[in-house]
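Chains as they are written, first to last, in our numbering: chain A, 1 to 268; chain B, 269 to 585.
FYI, nobody ran anything at the bench for these hints, they're computed from the structure.
Be aware that a few hints might be false.
Computed beta-carbon distance windows for the label pairs [unchecked claim]:
id : chain 1 : residue 1 : chain 2 : residue 2 : range
1  : B       : I476      : A       : E70       : 18 to 28 Å
2  : B       : R311      : A       : V261      : 22 to 32 Å
3  : A       : D55       : B       : I476      : 24 to 34 Å
4  : A       : E26       : B       : I474      : 50 to 60 Å
5  : A       : P79       : B       : G560      : 51 to 61 Å
6  : A       : D55       : B       : E414      : 48 to 58 Å
7  : A       : T77       : B       : N522      : 44 to 54 Å
8  : B       : G560      : A       : K100      : 38 to 48 Å
Positions of the beta carbon are idealized from the N, C-alpha and C atoms, including for glycine.
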Amino acid sequence: MEVLRIDEIRSECRSSSTLFVSPDPEKWPGFVPGQFVMVWIPGIDEVPMSVSYIDKDPFRIGITVQGIGEATESLRTLPVGSRIGIRGPYGRGFDLSGKKRLVGICGGVGAASIVLALEKAKDIGREIVVLSGFRSKELVMFEDRFGRITPDTHISTDDGSYGFHGLVTDLLRKELKMNDAELIACGPEMMMKVVLDIGSEFGVHSQCSLERYMKCGVGVCDSCSVSGHRVCQDGPVFTDEEIEAMPEFGSSHRDRSGRVVSLKECVR
Amino acid sequence: MAPERSDPTLDVEISGIRFPNPLLLASGIADETGLSMAKAVERGAGGVVTKSLSLDLREGHRNPVVVDLQNGMINAMGLPNPGASHYIREIEEYRRHTSGKNPIIASVFGSTIEGYAECARTIAASGVDAIELNGSCPNAEGLGLEFGQDPDVISDLIKAVRSAVSIPVFFKLTPMCNDIVKLASACQDAGADAVVAINTMKSMKIDIRTGRPVLTNRFGGLSGPAIKPVGVRCTYEIASRLDIPVISVGGISNWEDAVEYIMAGASALQIGTAVAWGNLDVFSRIRSGISGFMRAEGYSSLEEMRGIALEVKRWRS
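Chain A with its partners taken away, still in its complex shape:
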């Protein structure tokens, strides 16, 4: 673990901010968008976070935090100069090596890992479409970054206060034709379940970034297990074929003791 001072904090929307830190670049040459880090908030907790920015010169990373619980809210509101610990990067990220049109679809703070993956995909010359959904206008984030990747960027809000009025998966249904694209997705599990259904309807392959309660982050504790697959080490990004073989996807997760809990009871 590297303990680092927060260099800069950028507000992304009403509930999310990005913290920038400068880790030793030696640990990051093989980084792939979709991988995550464990962030230690001294005295509070340690939480898994996806990486949303990689700045090359000078090297630094950004972590976009949505305040949803005690740990993330305290992380989000730390002042510049505070020390946090970073372990990682860990896990398996997105495979961006395909040739077809790449549709990035995300819900809420899931945009954090999708925007970085799409920037990388653009660098390697892929044609890109962005579908990014939020609950309402004041939660919209990364619109400028998405816009710089492609003019083919579509924002939706559940309440219609900005962009398309409806679910981001409704946009996806309009966007796809048979076999003409690949999908990468990150967001609420029920959203990704719909993404996978629509993908299979159109014969389009998907990769989804899953989230589970995580303790160790390195494959020891099995807290993040989904049908025998550890999100921290085997994922967090899984292919549609892999997810199809996970009966627990979209249905249940494990609580801190390892007990099976229905996803609908999930309060994080």
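Here the structure of chain A is known, so what remains is to put chain B in place on it, guided by the hints.
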């Protein structure tokens, strides 16, 4: 041309339980769910040990719960588990997804001797093949280690569990003691079927920037290559003095480590940290490495190789 040698056999038997190979998934590693454990078997493990179970649900310590070091790992999970009766569904799931040839051992702990015995009884009812008593967890106060450092307490604990269940009972030992042979001897005399050596060693990590202990629990258990020489020494000492089988654990990450433990007298091996550092392929990698070594050196069974370091007359030139 010499006839093709047949592959050396890797199967082992410990108190009537047959394992197709001696490499078992250690307790507390990727074993919260039945499917995770089944996956270890699918990828080459000879058997598995469950997460340590208690009668009542435990959430474990708050994060951070691990410190990853260059040559080891410190963990303070704090014995999280859903409780033995709830965990039975995981045993059933494991059975549904494995062929029946790969034994499953339930690791058990409690806060009293009666608690251990009741927990063992509860989980034995699910049809596990053996009980491993965790008398050596260094990161949960009042649980585990307190029952594993006094020969008299060990003896009472094993006797209580013995009379509660009819399956084999193993005892997992701590290396943190004056004389591990005394502890292992208490296990043997009380009727344990095997000892498991060693558990992690109590340790800590302080972050020098903030001056804070990193783990929320402050102390945790050190595992991985850093403790392997201690595990080999403990195995050797027990095997040279006692007849009880030793299941060795501590820093095994390649086939050379495995062979070293077997030569020190190990009957079977458990792998933990290496599963986290590499992946589940570690089982098949070590298995084929052991086979290759046995072929090259002319051993036809593990028995031929077991404990050769213990007797001068078995040393080779």
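Evaluated hints:
1. I476/B / E70/A: 18 to 28 Å: 26 Å, holds
2. R311/B / V261/A: 22 to 32 Å: 27 Å, holds
3. D55/A / I476/B: 24 to 34 Å: Since the Cβ atoms of D55/A and I476/B sit about 27 Å apart, the hinted range of 24 to 34 Å holds.
4. E26/A / I474/B: 50 to 60 Å: 23 Å, violated
5. P79/A / G560/B: 51 to 61 Å: About 57 Å separates the Cβ atoms of P79/A and G560/B, which means 51 to 61 Å holds.
6. D55/A / E414/B: 48 to 58 Å: 51 Å, holds
7. T77/A / N522/B: 44 to 54 Å: 46 Å, holds
8. G560/B / K100/A: 38 to 48 Å: Since the Cβ atoms of G560/B and K100/A sit about 44 Å apart, the hinted range of 38 to 48 Å holds.
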